[in-house]
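S.K.: Residue numbers (the working numbering), protein chains in the order written: chain A, -14 to 247; chain B, 7 to 233.
Derived from the structure by calculation, the hints contain no laboratory data. Cβ coordinates follow ideal geometry from the N, Cα and C atoms, glycine included. Just to be clear, a hint being listed does not mean it is correct.
[Unchecked claim] Within a straight-line C-alpha distance of at most 20 Å, the following computed EDC-like cross-link-like pairs (lysine to aspartate or glutamate) qualify:
#1 A:K(-4) to A:D61
#2 B:K105 to A:E6
#3 B:K101 to A:E6
[Unchecked claim] A few chain A positions that, by computed beta-carbon distances, are all more than 12 Å from chain B:
#4 L34
#5 G84
#6 N126
#7 E244
[As the list claims (entries may be wrong)] Partial pick of chain A residues on the chain B-facing surface, computed with a CB cut under 8 Å:
#8 Q95
#9 M144
#10 T213
#11 G217
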Amino acid sequence: MSEKTMTINLKIWRQSNPTAEGKLVDYRVENVSPDMSFLEMIDVLNEQLVHKGEDVIAFDHDCREGICGMCSMMIDGKAHGGYKNTTTCQVHMRLYKDGDTIVIEPFRAQAFPIIKDLTVNRGALDKVIMAGGYITASTGNAQDANAILIPKPIADEAMDAAACIGCGACVASCPNGSAMLFMGAKVSQLALLPQGKVESAKRSLNMVHTHDQLGFGNCTNHAECEATCPKGISIEHIARMNREYLKAAFTYYEKDRSEGGA
Amino acid sequence: MMTSAVNHYFFSSIGRKQLVAMTGLALCGFLVGHLTGNFLLLAGSDAFNIYAHKLESLGPVLYLIELALTGIFVLHLGLAIKLTIENVKARGGTKRYEKKVKTGRGTTFMSQTMPYTGLVLLVFVILHLISLKYGTNYPTTVDGVPMRDLYRTTMEYFASTSATIWYVVAMICAALHTSHGFASSFQSMGWNHGKYFKNVKRIGYLYALAVSAGFAFLAVWAHMKGV
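So here's chain A without its partners, still in its complex pose (with noise of 0.2 Å):
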């Protein structure tokens, strides 16, 4: 433990239910050790708060290790602080200094509805998921697993697109408030490996579709979505996805098998 420690000056936004109106409070918090995390720094500010019988900040954090894509906050007008590769429980308060005011508000999107404080519901995404981001084909028994060859740079690529947390910072920082590189991971990942090539048309047409209907906006290519993703992903998986997509809208075809097949 470093023996100096801070007092961090917090604005932050409070707003008590998805309907009220909200507004940015001022916190000070004493004795931060530069080996806190952000999260642990808020921590110790809700612990203050309780001890005051006050109503402590919700916020959203789970596994703090950075694989799980829960803590979502805009600090400093930034998604997850704007570090390069970096969810919010990986910030550590060594990158402040005594006396910084921090402003820290959740991630906005008409389709993201602020719950309370910080909290916001991401589940939208989950239902763009639930519209086909899965394999559904029949695969048997589990073959040896060098039956389906796939070239290593394949594999890599579809992992970098695989790494996806669905954190949501990419809809906070898009100016667009779309979810474009959220769905392209999945559609892109998904594309690339022979399990999920077979499905690609159908689950690019459904993906799309359901986005847009969540309220998602339409992507511009600022690509401000790439520099603030945590797990650094490239738009390279958008354009991807706009392919799949385009080829699916023009080729996709189901015949109608309900009179029998022959």
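Once you have looked at the hints, place chain B on chain A.
M.R.: Quick look at chain B alone, frame taken from chain A:
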């Protein structure tokens, strides 16, 4: 849902942006043709007027081309305006965050000003057509053939300092607009390949600079030359 996939395309987020991308690239191509013709101004009044006359002599073919161009232009701006309005709503209104800082690795000045530079260009195109295409029609004859003296109309238009400045400002907007739009169109169509995309971006910047500078140069040249 599946059988109407094509119908959905024209109302979907990706489908509509691909239409904006394709119409945008088509307009980029038109600008190259337009600029090439403009350079005939340097070859003198006869060369320029003969070129304009040949275009007009196309008759119904020209009307078809003009109709297609108008269609492309209207589709491009109509969809862009619709998408922009939807996007403001989707991000949660004009006032979204109390504090928002750009990462510096994503949005650029060009990408953020697309709606504004686009609107400037819309106004520009309308005024441009009124004052030149539908401007004063001076009759002249070249080698015994009667035709319109478009050269004179053009040179008279650019004799005005304010017209020249407005033209150059519009060309700066065109440069900003296409420097994002060109590469962005490739990304929207899904033509982003790790091996080529850096060069697509470079070509986009080069295109934006060369075409806009070309138009602006001719405007300034015409202004300096006088009537």
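S.K.: Each hint needs a verdict: does it hold in this structure or not?
M.R.: Going down the list of hints, with the structure as the test:
1. Restraint check for K(-4) of chain A and D61 of chain A: satisfied, since their Cα atoms lie roughly 9 Å apart, inside the 20 Å limit.
2. As the CA atoms of K105 of chain B and E6 of chain A are separated by approximately 17 Å, the hinted pair is consistent with the 20 Å bound.
3. With a CA separation close to 14 Å, the supplied pair K101 of chain B and E6 of chain A stays within the 20 Å bound.
4. Against chain B, the non-interface label of L34 of chain A holds: every CB pair exceeds 12 Å, the least being about 21 Å.
5. Every beta carbon of chain B lies more than 12 Å from that of G84 of chain A, the smallest distance being close to 18 Å; the non-interface claim holds.
6. Interface exclusion of N126 of chain A from chain B stands, the closest Cβ pair being 31 Å apart, more than 12 Å.
7. With a cut of 12 Å on Cβ distances, E244 of chain A stays outside the contact zone with chain B, its closest approach being about 16 Å.
8. The beta carbon of Q95 of chain A comes within 5 Å of a beta carbon in chain B, closer than 8 Å, and the hint placing it at the interface holds.
9. The interface hint given for M144 of chain A is violated, since its Cβ lies 15 Å from the closest Cβ of chain B, which is over the 8 Å cut-off.
10. Because the smallest distance between the Cβ of T213 of chain A and any Cβ of chain B comes to about 6 Å, under 8 Å, the interface hint for this residue holds.
11. Look at G217 of chain A: its Cβ only gets to about 11 Å from chain B, farther than 8 Å, so that hint breaks.
Against the hints set out earlier in the document, violations occur for numbers 9 and 11.
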